[in-house]
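K.L.:
In case you want the letters, here they are:
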Amino acid sequence: MSGFLESMRCSECVDWGEKRNTIASVAAGVLFFTGWWIIIDAAVKYPNMEEFNHSYHACGVIATIAFLMINAVSNGQVRGDSYSEGCLGQTGSRIWLFIGFMMAFGSLIASMWILFGGYVVKEKPVVYPGIAVFFQNAFIFFGGLVFKFGRTEDLWQ
Amino acid sequence: MAGIKALISLSFGGAIGLMFLMLGCALPQYNQYWPLFVLFFYILSPIPYCIARRLVDDTDATSNACKELAIFLTTGIVVSAFGLPIVFARAELIFWGACALVLTGNTVIFATILGFFLVFGSNDDFSWQQW
Chain A
1 MSGFLESMRC SECVDWGEKR NTIASVAAGV LFFTGWWIII DAAVKYPNME EFNHSYHACG
61 VIATIAFLMI NAVSNGQVRG DSYSEGCLGQ TGSRIWLFIG FMMAFGSLIA SMWILFGGYV
121 VKEKPVVYPG IAVFFQNAFI FFGGLVFKFG RTEDLWQ
Chain B
158 MAGIKALISL SFGGAIGLMF LMLGCALPQY NQYWPLFVLF FYILSPIPYC IARRLVDDTD
218 ATSNACKELA IFLTTGIVVS AFGLPIVFAR AELIFWGACA LVLTGNTVIF ATILGFFLVF
278 GSNDDFSWQQ W
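First to last, the sequence lines map onto chains A and B.
Following the working numbering, the numbering of the first sequence begins with 1 at its first residue and continues without gaps.
Following the working numbering, the numbering of the second sequence begins with 158 at its first residue and continues without gaps.
Check before you lean on any hint, since a few could be wrong.
[As the list claims (entries may be wrong)] Where chain A lies over chain B, by a calculated footprint (3+ residues, C-beta under 8 Å):
1) 200-207
2) 253-263
[What the hints assert, rightly or not] A few chain A residues that don't get close to chain B, going by computed Cβ distances all over 12 Å:
3) Asn21
4) Val26
5) Gly29
6) Thr34
7) Trp36
8) Asp41
9) Lys45
10) Ser55
11) Trp113
12) Glu153
13) Leu155
Hints in this document: simulated from the structure, not taken from any laboratory.
Even for Gly, the Cβ is constructed at its ideal location relative to N, Cα and C.
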């Protein structure tokens with residue numbers, strides 16, 4: 001009876017180390033597309049300009065462009081240990097990533113500004129569109145972070 | 158023979174899922190056929206992964222960027238299939254009961270598709286690898 005459980009190790013049934021990139025991709029996809037469906041829901045519920053100004057959609061579009069920019073360069077390219085130089089080299093990829101992160105943070109800050117400046121301070125009767133814009137941008141931002149830093153590039157070799 | 162058994166059980170699962178979807182549409186107290194649009198998501202969901210598998214020869218690496226992008230897009234399609242009936246229900250186009258039936262059908266169908274890839278994506282005796 002002793003030593004009964006010694007041969008059972010649950011961490012070896014499923015190798016989480018090899019599954020890490022898959023899990024990170026799934027989590028990033030859930031976050032990103034949940035964000036977009038939240039804003040679709042708000043746009044469906046409040047279609048007129050008084051309750052939900054259509055220009056507020058620009059915030060989520062910028063966040064999506066930032067998501068694509070951040071994830072278009074690999075970490076190896078920024079560190080400079082990739083095989084090829086690419087079209088602009090290490091400096092170009094750093095500047096590209098810098099602009100991408102700036103757009104990501106900018107859209108997150110802008111969504112908070114929309115929530116407070118457009119809905120809370122004006123004391124509008126319906127606050128839900130502002131909250132939807134904020135949650136959309138937060139979900140897209142954290143989805144981008146998970147997709148960028150949750151995956152490891154050691155599995156690609 | 159194992160392949161035949163798996164195929165039959167998977168097709169049973171697909172039929173159950175489609176039954177839930179049609180129940181959400183066609184029951185007399187619901188009678189709204191808007192949820193049938195999730196059929197597009199069912200068809201689209203395996204496509205990114207199939208493209209990535211054809212595009213990349215995964216002989217040495219355990220994972221690569223193209224496959225992870227495909228998994229990301231597949232997740233997006235699955236999330237969209239769950240989001241669409243919820244938005245329909247919130248827009249009061251369909252009832253919440255119909256929405257729940259469609260979500261149940263979604264779960265069964267996507268589990269079936271995942272099972273299809275797990276069963277036929279790995280073993281070599283069934284030569285459907287050319288997909």
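K.L.:
For each hint, tell me whether it holds in the structure or not.
P.N.:
Against the structure, the hints:
1. 200-207: violated (count 0)
2. 253-263: Since 0 is below three, the answer is violated.
3. Asn21: A/Asn21 not clear of chain B: closest Cβ-Cβ about 5 Å, inside 12 Å.
4. Val26: violated, 5 Å
5. Gly29: violated, 3 Å
6. Thr34: violated, 6 Å
7. Trp36: Answer for A/Trp36: violated, closest chain B Cβ roughly 8 Å.
8. Asp41: violated, 5 Å
9. Lys45: violated, 6 Å
10. Ser55: Holds, since 22 Å exceeds 12 Å.
11. Trp113: It holds; A/Trp113 is separated from chain B by about 26 Å at its closest Cβ, greater than 12 Å.
12. Glu153: violated, 8 Å
13. Leu155: violated, 4 Å
The structure shown violates the earlier hints numbered 1, 2, 3, 4, 5, 6, 7, 8, 9, 12 and 13.
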